[in-house]
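Peer 1: First to last, the protein sequences are chains A and B. Using numbering that gives the first Met the number 0, read the first sequence as starting at 0 and increasing by one per residue. Using numbering that gives the first Met the number 0, read the second sequence as starting at 0 and increasing by one per residue.
Rather than coming from a laboratory, the hints here were simulated on the basis of the structure. Wrong hints could be hidden among the right ones.
[To be verified] In the SDA-like style, the derived pairs of lysine to any residue whose C-alpha atoms are separated by at most 25 Å in a straight line are: (1) B:Lys284 <-> A:Leu176; (2) A:Lys284 <-> B:Asp217; (3) B:Lys284 <-> A:Glu164; (4) A:Lys284 <-> B:Glu129; (5) A:Lys343 <-> B:Ser162; (6) B:Lys284 <-> A:Ser162; (7) B:Lys343 <-> A:Ser162; (8) B:Lys343 <-> B:Asp320; (9) B:Lys343 <-> A:Glu147.
[What the hints assert, rightly or not] Covered by chain A, per the in silico footprint, the following chain B stretches (three or more residues, Cβ under 8 Å): (10) 57-68; (11) 94-102; (12) 119-129; (13) 274-286; (14) 325-334; (15) 351-360.
[What the hints assert, rightly or not] Just a few of them, taken from the derived set where beta-carbon distance is under 10 Å, the chain A residues facing chain B: (16) Ala78; (17) Arg81; (18) Gly100; (19) Ile145; (20) Ser189.
Computed from a predicted model, the values in this text were never measured in an experiment. Note that CB positions come from ideal geometry on N, CA and C, so glycine has one too.
Read off the chains here:
2 protein chains.
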Amino acid sequence: MSASATDAVGFFSVPSLEAYVAGRDFDRPTLVIDTGIVAQNYRALKAGLGEAHIHYAVKANPHPAIISTLIAEGSGFDAASRGEIELCLSQGARPETISFGNTIKKPRDIAFAHRAGIIRFAADAEEELEKIAENAPGARVYIRVIVEPSGADWPLTRKFGCSPERVETLLDYATSLGLHPEGLSFHVGSQTRFAKMWSDTLAQVARIWHAARAAGHDLTLLNIGGGFPAFYGEAVDGPTAYSADVMSRVRDLFGNVPHVMAEPGRGMVADAGMIAAEVVLVSRKSETDLHRWVYLDIGRFSGLAETEGEAIRYQIQTWRDGEETGPCILAGPSCDSVDVLYEKRPVQLPLGLRSGDRVLIRNCGAYTSTYSSVGFNGFPPLEVVAI
Amino acid sequence: MSASATDAVGFFSVPSLEAYVAGRDFDRPTLVIDTGIVAQNYRALKAGLGEAHIHYAVKANPHPAIISTLIAEGSGFDAASRGEIELCLSQGARPETISFGNTIKKPRDIAFAHRAGIIRFAADAEEELEKIAENAPGARVYIRVIVEPSGADWPLTRKFGCSPERVETLLDYATSLGLHPEGLSFHVGSQTRFAKMWSDTLAQVARIWHAARAAGHDLTLLNIGGGFPAFYGEAVDGPTAYSADVMSRVRDLFGNVPHVMAEPGRGMVADAGMIAAEVVLVSRKSETDLHRWVYLDIGRFSGLAETEGEAIRYQIQTWRDGEETGPCILAGPSCDSVDVLYEKRPVQLPLGLRSGDRVLIRNCGAYTSTYSSVGFNGFPPLEVVAI
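Whole structure, please, built from the sequences with the hints as guidance.
Peer 2: Written out as structure tokens, the structure is:
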């Protein structure tokens, strides 16, 4: 394993993670998280975001050590559920730093959040505003709007947000219910690799913003959501330059917004995590197959859900790196035929690879541990260790 | 809710499940399993399978009450992992009734199974046979073969099995390692709705079987795997007629096989389960949208993973059934844009549906509870209650 600052495929090596796994045996796949890197990422993003408030998207990785690290750094939190709110509070987060950012909330969970001191809620529909007004009277709300697809690696569906022409209706309705509509939110799309890809989305939202203000709505909050990328092998802007560029575009298009929120998740934790896993079987299906099949002890149902559609190309390291390689179809250990990680674009792995060999999966601190199934095929959920 | 034997869409009503959920509030989505129906399904399948041995595919639903019910009925088990073996043993299964059917096994898990008294293992590659020979010396093995796609609703990938021309090499290799190669296994594909769809697959395997026997291999075991269907709204053969038809085809093509194994999973438990869930939000994205969005408190990451690609159409019942309906896009509660259940083919639901309404999702006893994530977005895994 290289100890230098970057390796052949351009990854920064993470000596702390490499040292931790090098000295240990793991009985099952284990995600190791370096909270020091999470803190570094927070500072790098904050340096670019300036006065904007960071609300870490807890869903990316809710390990308590990540939450407590970010509390110490001064971060706020974007919570998707009562469970995530309880987690943040249990680690010492002040309730006013937690926004309840899910637009789909049960009345009893809104009531819980209100009692716990959460003051800010997302909404995109009349019925949601009614639930908030009834269960968190007087709360601050921001309206999520749908934006047209950007250049994100995974543009979002229309699941979240209202159409632009409905924004003012919802702002008025919120006021009529006794709520305090503060502003707007949107999401540029997960893994938006370059800041310049934000320009169309920001322009769409700015038109809505200025129209609403011109109509008399006193908007003071702009929640720019997430989309801050991680490095998975394709070029991305670095975190500080990226964030500064986005904020510069925000200032150009929106002017002086009193309160900007940003919700990085993946960009905060992906490169802070490495999974130590194991080869379980290497085989060829027939004598003439060019591709081997390599089966790991981790798959789509035990942490690597984001390989669905081969969307994310995790980088894989073995102790045989440097030996001659050949193409492999990579699959997980479960008795489920869809538990295949990479098949359309096979991965190059050493020809000498065999059962028992350790593999390290890099930059997988985001959206792995919680996507893990509770016990599919009798395999336990992904083990997580924070260092 | 109808109390009659069938409802408008042709489902058998399940009075025990309906009565159980009718009298209760659930704080979160809850799968209710009637083990009496599991026992009925076992008997219905067994009546058609005759002398064939049933090994329930534990991965379909590993609830301990299902395992103990099936032990009492005389079922064997197909286990995918050490965890599933431990589960079956903990409920009182005799080890010789449990086959370790995953072709991808860690050496230490094979050793564990061997110590626990498991005598029968699946394999499809040299390296797997070597691991079995080393960690379970003298074990019985069956070789899984790849078959070409059948008429199954979800034909399998090539993840499992070896090509037909490799079977005899592997049988010879197993013998050379001191193992006892007993026979062959295959899988016709999940949710193969009609028995007649087995004919091509069975013919393929029979050719391999007879060739191997002609070459001197004393094959005594044929594992016909799973594929036994559940009813999700499209017609399927009933379990007894289906199983009897499959066995008749087996006899025609293979002759008198001393030991036939079958591994029903979905067909054993799907219709024994019903999920009680809740509408969280109903909205329209714009004034002109024809479709409403209906958000439930259960989605792809909390139990309904098999809606991926809209593969399974779960049937949904509400207390407003009978009122005027309109098309809905159905989505889950998480802050994840892929957590959409049905969008390409919207579902018809009552126009009066609103937040707080209970929905019942029928025939979802298979592949729900264990596909559930361990806590994505802070939502707990699917709750399961056995009655």
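Peer 1: If a hint holds in the structure, say so; if it doesn't, say that too.
Peer 2: Now for the hints, and whether the structure bears them out:
For a cut-off of 25 Å, the pair hint linking Lys284 of chain B to Leu176 of chain A stands: about 20 Å separates their Cα positions. As the CA atoms of Lys284 of chain A and Asp217 of chain B are separated by approximately 23 Å, the hinted pair is consistent with the 25 Å bound. Among the hinted pairs, Lys284 of chain B with Glu164 of chain A is consistent with the structure: their alpha-carbon atoms are about 10 Å apart, no more than 25 Å. Restraint check: the Cα-Cα separation between Lys284 of chain A and Glu129 of chain B comes to about 16 Å, which is no more than 25 Å; the hinted pair holds.
Distance check on the hinted pair: Lys343 of chain A and Ser162 of chain B sit about 20 Å apart at the alpha-carbon level, within 25 Å; holds. Annotation: proposed proximity of Lys284 of chain B to Ser162 of chain A holds, straight-line Cα distance about 6 Å (limit 25 Å). A threshold of 25 Å between alpha carbons decides the hint, and for Lys343 of chain B with Ser162 of chain A the separation of about 20 Å falls inside it, so the pair holds. About 22 Å separates the Cα atoms of Lys343 of chain B and Asp320 of chain B, which keeps this hinted pair within 25 Å; it holds.
Simply put, Lys343 of chain B and Glu147 of chain A have alpha-carbon atoms about 19 Å apart, close enough for the 25 Å limit, and the pair holds. Check result for the stretch 57-68 of chain B against chain A: holds, 3 residues qualifying (beta carbon to beta carbon below 8 Å, three or more required). With 3 residues carrying a beta carbon less than 8 Å from a beta carbon of chain A, the stretch 94-102 of chain B meets the three-residue requirement, and the given coverage holds. With a threshold of 8 Å between beta carbons, the proposed coverage of the stretch 119-129 of chain B by chain A holds, since 5 of its residues qualify and at least three are required.
Counting residues of the stretch 274-286 of chain B whose CB lies closer than 8 Å to any CB of chain A gives 9, which reaches the minimum of 3, so the coverage claim holds. Chain A is given as covering the stretch 325-334 of chain B, and this holds because 4 residues of the stretch bring a CB closer than 8 Å to a CB of that chain, at least three being needed. With a threshold of 8 Å between beta carbons, the proposed coverage of the stretch 351-360 of chain B by chain A holds, since 3 of its residues qualify and at least three are required. Because the beta carbon of Ala78 of chain A sits about 7 Å from the nearest beta carbon in chain B, less than 10 Å, this interface hint is met.
Hint status for Arg81 of chain A relative to chain B: holds, with the closest Cβ pair at about 7 Å, below 10 Å. Look at Gly100 of chain A: its Cβ gets to within about 7 Å of chain B, closer than 10 Å, so that hint holds up. Hint on Ile145 of chain A holds. Least Cβ distance to chain B is approximately 7 Å, under the 10 Å limit. The criterion of a C-beta within 10 Å of any C-beta in chain B is met by Ser189 of chain A, whose closest approach is roughly 8 Å, and the hint holds.
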